[in-house]
Amino acid sequence: MLKTTTSSPRSRHLTLPAALLTCVLPLLAATTLGCNENFSGFEERDVGGADDSGPETGSPAAEGLGICVYGAELGCEIDGSGALDESLPQSAPVGEFYAGEHVGLPGCAINEHFVWPEAGALESALFDETTRTIYIAAPSQTTESDAPNHLPNPRDISYGDGSSPQRPTTFQDLFSTSFDGPTILSLLPGEHVIDTALDFSGPVLFSSPCAASVSVKLSPTGSLRFHNSPLAIVAGVSLTPLGTAISPVLTFDQVDVAVITSSRIEAGGANINAIELRDVDYGVIGHSVIRGAEIGLNVDGGQVLVRQSLFEGNALHGIKLSSSQGPATEGFAAQALLERVIIDGRAAAQALPGRSGLRAEGALVGMVDSAVRSHHAASLTELGFGIDVRASYLKVRGNSELSANQGPGLLAIDSRTWVAGATRIHNNRRGILARRTEDGLAAYLEPELSLPTPESPLFVPTLAFAANPDLSDTLFPGDMFFPGDMFFPGDMFFPGDMFFPGDMFFPTEDIVAQDTLFPGDMFFPGDMFFPGDMFFPGDMFFPGDMFFPGGTAGPYSPAAGHLAPEDAWSMLALTGEVSVSGNLEAGVDVAGSGLLLHRTLVANTRPISLAPWAMTTGPAHGVVLHDPSFAHLSQVTLVDNAGVGLWATEIPAEPAHVEPGSGLRLLVDDTLVVSNLAGGLRAANADTHGAVFLTRSSFIRNGGVGVQLKNQQFRITSSEFMLTQPLPNLDNEDASADGLQLLDSTGRLAASEIRRNERYGCYLSSEHPISLSEVIWGSAPENALALDGSRPPRLDAPNLTVEVVELPTAAKLDEDHAALGAPQPLDLP
4 MLKTTTSSPR SRHLTLPAAL LTCVLPLLAA TTLGCNENFS GFEERDVGGA DDSGPETGSP
64 AAEGLGICVY GAELGCEIDG SGALDESLPQ SAPVGEFYAG EHVGLPGCAI NEHFVWPEAG
124 ALESALFDET TRTIYIAAPS QTTESDAPNH LPNPRDISYG DGSSPQRPTT FQDLFSTSFD
184 GPTILSLLPG EHVIDTALDF SGPVLFSSPC AASVSVKLSP TGSLRFHNSP LAIVAGVSLT
244 PLGTAISPVL TFDQVDVAVI TSSRIEAGGA NINAIELRDV DYGVIGHSVI RGAEIGLNVD
304 GGQVLVRQSL FEGNALHGIK LSSSQGPATE GFAAQALLER VIIDGRAAAQ ALPGRSGLRA
364 EGALVGMVDS AVRSHHAASL TELGFGIDVR ASYLKVRGNS ELSANQGPGL LAIDSRTWVA
424 GATRIHNNRR GILARRTEDG LAAYLEPELS LPTPESPLFV PTLAFAANPD LSDTLFPGDM
484 FFPGDMFFPG DMFFPGDMFF PGDMFFPTED IVAQDTLFPG DMFFPGDMFF PGDMFFPGDM
544 FFPGDMFFPG GTAGPYSPAA GHLAPEDAWS MLALTGEVSV SGNLEAGVDV AGSGLLLHRT
604 LVANTRPISL APWAMTTGPA HGVVLHDPSF AHLSQVTLVD NAGVGLWATE IPAEPAHVEP
664 GSGLRLLVDD TLVVSNLAGG LRAANADTHG AVFLTRSSFI RNGGVGVQLK NQQFRITSSE
724 FMLTQPLPNL DNEDASADGL QLLDSTGRLA ASEIRRNERY GCYLSSEHPI SLSEVIWGSA
784 PENALALDGS RPPRLDAPNL TVEVVELPTA AKLDEDHAAL GAPQPLDLP
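Per the working numbering, the sequence shown runs over residues 4 to 832.
Derived from the structure by calculation, the hints contain no laboratory data.
For every residue, glycine included, the Cβ atom is placed at its ideal position computed from N, Cα and C.
Heads up, some of the hints might be wrong.
Stated by the list, open to error - Per label pair, the in silico range of CB-to-CB distance:
| no. | residue 1 | residue 2 | range |
| --- | --- | --- | --- |
| 1 | Gln-257 | Pro-658 | 47 to 55 Å |
| 2 | Ala-381 | Tyr-162 | 25 to 33 Å |
| 3 | Pro-142 | Gly-329 | 42 to 50 Å |
| 4 | Glu-770 | Lys-815 | 28 to 36 Å |
| 5 | Pro-223 | Ala-567 | 49 to 57 Å |
| 6 | Gln-257 | Ala-445 | 21 to 29 Å |
| 7 | Glu-662 | Val-807 | 29 to 37 Å |
| 8 | Asp-183 | Leu-831 | 25 to 33 Å |
| 9 | Ser-143 | Leu-831 | 27 to 35 Å |
| 10 | Ala-753 | Phe-100 | 20 to 28 Å |
| 11 | Pro-772 | Pro-356 | 49 to 57 Å |
| 12 | Asn-732 | Val-808 | 24 to 32 Å |
| 13 | Asp-131 | Ile-249 | 15 to 23 Å |
| 14 | Glu-99 | Val-661 | 47 to 55 Å |
Starting from the given sequences, assemble the full structure and let the hints guide the process.
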């Protein structure tokens, strides 16, 4: 006789896998539930209650509580702790470890199946006494010899009406069944086939204990669709289309809560989407693998939480967020939070044009400890993007990674993007490309939603997620959906009342100036921007802390002052030890948008070669700016880039209505610019003077020039320009190698050090006023300061301690070198 065992729905050290048991065990734990099964040849067995005392205690729980997991021969395999017998055969996990956690499908006990309590015991608001529990076996032609995932049952299966495991039905026999009420489908191990359209309109649980044991094949005429339902759960199954599929593998349409957990969905290279969420209030995907589709997960409206899941080899997008209903009239078209998610583009059957790992259109997206990588295009001249966001709000943080994509690791068009934490962006064709267009925002958002209010120039509107359903007493009573964390934390599905608390993109405090511009809350969290402990308070992505935690201090950016309303939305911020390295053509490339870099490394940018025999020459700049609304670099390191550390064109001028010096547009503060092949910083305007401020920064061992300002209005204080060398492959002894070049510019250089540059310390070619004061000129005073005699400046230099070298003609510059110029335009989809 088999020993009676118990199952506790509150146990959290489960191996079935844990995510799946913790999904289904709490489902029925609101009251005392019966769980009896009478196999032929087996005696009736009871399953004990939540107090783990077993049936001998005489307590009401002895009548049975929870869900039994039976093997065909061994009976109930859950022991008193709620864990499966570790001696049971286990499947191998599918996926990899990332950020300390397994991402993908966990291992599980194979050849098991769920046995559910009778409907009369299901005292649940959703699964009540009308619930139908249907047991489904694989077709009869599946035998022990020809199916690797067969049910190891010594008895022949006796097919019946599906009311018990002893008399299971098949999907073929359900073709005329109407699923319009509460339904639980328990799939027995084996290879199932669905060749008709199965539509579920009531609460439904489509489940097995282990995806490695249950394979569901969808014929070209077969489909799974859940619609107009308060709850739909797919758990522990492998789903694959057969032949030329025409429908998504899984479709959820107007479902309140859609859950996919511990499952594998493989489209096999078919031109279909693996998962469709259409107008789903809350979608949850966890511990799953989605492979080989055109789009792995297509979110058409609504919001979704994706955790510890692997999206691999999808031809167009791993995840897409958008709305087929046009621009959002309130808030965003779709919303998503991704935690420990890997989106890998390798192994796709084909690469479609416009391919990306994550595509967001008019969406609100948060990503932590996740990787988007290896999205290649069909040819070397096409692009494959890591993240592609349009008119969206994106936050990336934690140990995230955007790498090895055949286009920008992050493409942000008309979007607000904040990358923080220890995120690495490397080995892409451009690390980040941010653009502002004239009408792109209106294509996805109502224009008035993005306009700032007068009280808050950088206000972010309508960021609250919709009110969440309260399922605490009806569906998941008191237990965990995913182990170690709450499915519905506190009273909120997404923590906090607002996605960005305080509604402010920038904070009130200033690391440069003392004035306060933006009242309200903070862009950066914590007590200090350099808090001395954690950049983000707390340890959890979900509570106890918010994805975008609030704070009390951070760097205020005077470079963002006096923005016009139309300039306030499109911005890019990289903060808190972000690394942008090893990318091709440009590390960070911004045009028309605002830029804030803080404590960021941009390094080792290299030129691109589209053919293996071609020379790898051309621009490869660390940061590229063209007509930014503003740009602020603070505590940034630009090092070892094969072009210019910072290449800037068309820096905006100071607004006419502000006091001189208060409307900065390019601010470089406390920044280290070292060993860049074609110069440290080059900023050139064609017509009007841009507003540039360099302070407390070092430009050392750069090629050609430390800093070149052309047609700029500048202030330079407390900075150093040292050890500049000629560009490589220039043998001309008069080749440019100046610490500082001021061309057609006007402004003030003060309290700075210029020494040991190979040609001139500072070269001036401008007819505008230039002031020099308190400059340390170094050890070669005869070459410290050179003037273009054909265009002498109006020089204000009291107490000058060096001789002025007046050149009869302009000095040789290096504008024609192959490493200079802007990167070539990309053909964006």
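Results of checking the hints against the structure:
At roughly 49 Å, the beta-carbon separation of Gln-257 and Pro-658 lies within the given 47 to 55 Å, and the hint holds. Against the hinted window of 25 to 33 Å, the Cβ-Cβ separation of Ala-381 and Tyr-162 comes to about 48 Å, which falls outside the hint. The hinted range of 42 to 50 Å is satisfied by Pro-142 and Gly-329, whose Cβ atoms lie roughly 45 Å apart. At roughly 20 Å, the beta carbons of Glu-770 and Lys-815 sit outside the given window of 28 to 36 Å.
Hint check: Pro-223 to Ala-567, Cβ distance near 55 Å, so the stated range 49 to 57 Å holds. At about 27 Å, the CB distance of Gln-257 to Ala-445 agrees with the hint of 21 to 29 Å. For the hinted restraint 29 to 37 Å between Glu-662 and Val-807, the CB-CB distance of approximately 32 Å keeps it satisfied. One distance hint, 25 to 33 Å for the beta-carbon pair Asp-183 and Leu-831, is violated here, with the actual separation near 46 Å.
For Ser-143 and Leu-831, the hinted distance range of 27 to 35 Å is not satisfied, since their beta carbons lie about 55 Å from each other. Roughly 53 Å separates the CB atoms of Ala-753 and Phe-100, a value that falls outside the hinted 20 to 28 Å. Evaluation of the 49 to 57 Å hint for Pro-772 and Pro-356 yields a pass: the beta carbon distance comes to about 53 Å. Hint check: Asn-732 to Val-808, Cβ distance near 26 Å, so the stated range 24 to 32 Å holds.
Between Asp-131 and Ile-249 the CB atoms are about 36 Å apart, so this pair departs from the stated range of 15 to 23 Å. Our hint of 47 to 55 Å for Glu-99 and Val-661 holds, since their Cβ atoms are close to 53 Å apart.
When each numbered hint is compared with the structure, violations occur for hints 2, 4, 8, 9, 10 and 13.
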